[in-house]
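**Student:** Please arrange chain E on chain L, whose structure you already have, making use of the hints.
These protein sequence lines are chains L and E, in that order. Residue numbers 1 to 666, in this note's numbering, belong to the letters of the first sequence in order. Residue numbers 1 to 666, in this note's numbering, belong to the letters of the second sequence in order.
Hints listed in this document are in silico derivations from the structure and should not be mistaken for laboratory results.
Some chain L residues close to chain E (C-beta under 10 angstroms, calculated; not the full set):
no.: 1; residue: 47
no.: 2; residue: 67
no.: 3; residue: 396
no.: 4; residue: 445
no.: 5; residue: 602
Yeah, the Cβ is synthetic: ideal placement off N, Cα and C, and Gly gets one too.
Number of protein chains: 2
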Amino acid sequence: MCHNPEWGGKTMSVYLHDIPLPEAQQRLIQALEEVGLESVLGVEEIPLDERALGRVLAEPVWARLSSPHYHASAMDGFALRAEATAGASPTRPVILQVGEQAVYVDTGDPLPDWANAVVPIENVEALDEQDIPAADARHPLKIRLREALPPWTHVRPMGEDIVATELVLPAGHTLRAVDLGAIAASGHTHVRVSRPPRVAILPTGTELVPVGQPVKRGDIIEYNSLVLAAQVRSWGGEAVRFPITPDDFEQICQRVQQAADMTDLVLLNAGSSAGSEDFSARAVERLGTLLVHGVAVRPGHPVIMGLIRRSQGGWTPIIGVPGYPVSAALTGEIFVEPLLARWLGRRPAEPLEIEAQITRKVTSPAGDDDYMRVVVGKVGNRVLAAPLSRGAGVITSLVRADGIVILPRGVQGLEAGAPVRVRLYRSPAEVEQTIFAIGSHDLTLDLLAQALSAHQRRLVSANVGSLGGLVALRRGEAHLAGAHLLDPQTGEFNIPYIRQYLPDTPVTLVEWVGRIQGLLVCKGNPLNIRGLEDLVRAGVRFINRQRGAGTRILLDYHLERLGIDPAKIQGYDQEEYTHLAVAAAVASGRADCGLGVMAAAQALDLDFIPLFTERYQLVIPTVYYESDLLAPLRVLMQDENFRRSVQGLPGYTVENMGQVVAQLPQ
Amino acid sequence: MCHNPEWGGKTMSVYLHDIPLPEAQQRLIQALEEVGLESVLGVEEIPLDERALGRVLAEPVWARLSSPHYHASAMDGFALRAEATAGASPTRPVILQVGEQAVYVDTGDPLPDWANAVVPIENVEALDEQDIPAADARHPLKIRLREALPPWTHVRPMGEDIVATELVLPAGHTLRAVDLGAIAASGHTHVRVSRPPRVAILPTGTELVPVGQPVKRGDIIEYNSLVLAAQVRSWGGEAVRFPITPDDFEQICQRVQQAADMTDLVLLNAGSSAGSEDFSARAVERLGTLLVHGVAVRPGHPVIMGLIRRSQGGWTPIIGVPGYPVSAALTGEIFVEPLLARWLGRRPAEPLEIEAQITRKVTSPAGDDDYMRVVVGKVGNRVLAAPLSRGAGVITSLVRADGIVILPRGVQGLEAGAPVRVRLYRSPAEVEQTIFAIGSHDLTLDLLAQALSAHQRRLVSANVGSLGGLVALRRGEAHLAGAHLLDPQTGEFNIPYIRQYLPDTPVTLVEWVGRIQGLLVCKGNPLNIRGLEDLVRAGVRFINRQRGAGTRILLDYHLERLGIDPAKIQGYDQEEYTHLAVAAAVASGRADCGLGVMAAAQALDLDFIPLFTERYQLVIPTVYYESDLLAPLRVLMQDENFRRSVQGLPGYTVENMGQVVAQLPQ
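Isolated chain L (complex conformation):
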């Protein structure tokens, strides 16, 4: 079944072989050229109405009619011969007889054959008998002019807009609203556009369940087909979603054949790797020709490309799309979009690119083109790109991404501050309206993000802990940092740390929320945990926050006070970056307890043992505190509705929200 020796002789030991991206694209195009599928698939003639919007012209539009198709008046006024006004002046007016020498015309009316100019109605005196002002300004007996007109004044000559036979729009143009007007004006009632490619989307995998069905452990909600279908649709294709096919080679082959027979492109989702249930490559080999198995891109390298022989003759290309959601979506962007563009006859999507500086050191596999998702914001005069999760399974990294940085093959990484080009997913205007919050995580930041979005601001928050936030402010990489750093000496929050980490930066320290920290334990508290003393008990597995997190400092402070040796706490070295991640670790059974806020416990239905109250404040460089960018934040902190929504989270108090605690350095 497996004819290509390159993939190995034994089914179980086949492994894909990555080739560079341009080579993979080239192989596909070449194969499509060989079977005559490299350009527009077909032409449709459709009526000229608003449904033509977004369609791509398959042929140029040449004007059939001129527009205007006659000499038209450009004003409401009187058509006349310019020669008849010769010599008119304020002191020596000319009087013309209406009917013989002048005729009233509305804007757009055709000029009488004998006329060659229009005088606007407001520039004449309309006269009746005895030269008294006319009762009806449009139908006087005479008009008096006090200015001479050059010929063709206030006339739209025939063809002013469009001359018959002119090119109105070239083939390959994607129709916009105004284009439809110009096409109509040039005498067309229909447009000839490229036929939208039909794309079959075949999700496969025994572990998949459709959206809307209850999920149990091990089930994976099948949403790649949704994302791929929406991508196809947004790129001008028609998506045909097939039901989930289980991991059964014969069933998969049958479905692929059926899909290939009825569409222009098959996207076979998952099974494209080389695992035990990865049947895609074998299916392509059985039903046609395997062109590529493995492309040197991350994420998404186990891409398959091939051609399926149609039952009715001819070929249908197939792309084996990797299963991880980020890989699947990027495979769409990298391979499917350009192919649809080719078949539609339009230009491929060209994302806007901007220059930015990467905020932290990143590494990259040297053999691959590495598609790194980043958030982008402008802090001061620098445009910054902060890398998001690199995991191929983290679809929120694509949702949150403002753009992609491609680390090309041969590049093993970048130092912090290195210049990069970002392919933007958002408009530069949105980037300008982005507030970068780097620091301690708090659930109220989600509420703030939601509230700010109604004020044309986007809050992008990176969770690096309170100290990390101060460091980010020092580096000029954030507009604000949430912090709740307890000073063991003074019992004060944040100020001593700001003095130490930001000695030279004028900052405004603003009260945000008071919140209760405590231990998150399983529902019913089966291990009967009551306080930090219990963490050293045998069989109690702790999940910690990362070094530099305010919660971690709080823990260490109290452990020291209580004389507890952290080395004796099982799991002290296991670190998570957010309260919710700690809660998730407990909820999943990976740990028995962790320190965090009450709201996180409630979110995942855990029990909560309250231990300490603390002050969570916003550290804002004063230049940003006073900026227009942050104006909506200042407004929201005083907004009763917003405060109520924060107060609604368990364990939070807002009575001092917005109060300026200190201006530093004093």
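**Tutor:** Quick look at chain E alone, frame taken from chain L:
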């Protein structure tokens, strides 16, 4: 009927009163606030499928489920306890019993409760009895590892992507393909989105005929409703197009009432000015409240805004849209788009802006915000914005526009070279791929534009005549100029002029086409015109080309040779800028003859009297001739298909196309 004294007491003398744009927008918003129509009109719950694309979230999406919702293997391999691999090394491997200590898992499979790490299948030796390699790598008896694993290696912990209760997407977000995936992953099957506003579009005007009906003199093809409907659709609304209503006040009132009763917004097209058949303002006054009549924007100032009282109670806003197509489309952009954005709860469109230099002096009415359409291209290192026709009737000026320059109120004009901000309609990538051709007009440039568009290049041509083209090259404002300048002394084309006008610029002169110039006359040549001698005959009205045009130089050369005094030619002072415009002048009866190319005569079904053959050449600064930007031009000039298409135009020869005539200065 007309209650507002500001519009004048007598129906015929009412005239609109322009107010500044921000004031007009403010009046509308305030009125909408008073009647409770200032924000999202309603919420719909729709299933999570690809039709949700482009819809706007009416509420934030909070995660219901975590993703993954269990600890999942991130690789195909064996789940195990990390502790069991402690001390493993290449020389001291560890062997684990499959079943008890290790279990095969595919990517995405849940980890057994007792496991806390996964070793990829390719990193183990699968063993059977007597430690021989296992026949089935997934089901061996034992596995041998030569490396210790930290806990949670190759595991996607529960909540890695999404933790239940987290904010997935804020309200007001426009859904993209990946968003649908994240919403599905977070446990939703439906989304709550804003209801699309319904917009009624009412074309009015006795002179209008629908697209597709034969037009006679005075008829205007009604396509504004098509453009407005397409705009509404592209901005997320639903358009309801009404049939054309004639200029009858009662009928218009009836239709407006009907439209207001069934939609959220009425666009009443035309009749918004103050002419004799401009009923819109009066209709609004009768049926509700007139808020604004006249906004200080050009084109498009006679805008009307008001509220119509619904029969069933409540109010529907109405916008009276001016009739000129450019005015109508810009009214859509300026007033309708922001209103729809508000009703959908999304951000208004924010066009990308770039800096450019205006190519020529422009004037502007000081009292208005003036929306000037421009084409944009990059010539050398300068981004240039060349103004297009300012006529409100010229829809092709919007179709061809790469963007808009707003000359704000108070600005009376700009000098050539002044910096401007352009609101782009195209991507900056397209701007980079724009070839600016300024110079003599030739019909073959349309064919070239069409052919170049298939090579990812956009040809933008401005017709300023051959000499104007050389001047543009000298100013660095074009990549190439078409020229056919006959030197009376030498009989040579172009070279003497290039030496004079571009003494210091290295240029490559390339043969383009040979073409026949002659007199364009009415079908049947009723005045029996045979040559230039006939132009001085009484009753023969000539239409000329502008000074500096090659055709004009040709004419003057031959007139002088023949001893004909131009002052004796009627219409010698009437100038047009293109061959087709000359042809249109003859076809319409505005003139009896003009000098031009044969193809222009044929295009408008005129007779043609061939007089001279001439050489039309391309003058290209050598730095551009050799550039990547112009590479497709060099290819096309040698392309048989392209040459054939040019040869197909009457009166053209292409045998020397692409030949380099000279490199200057020599």
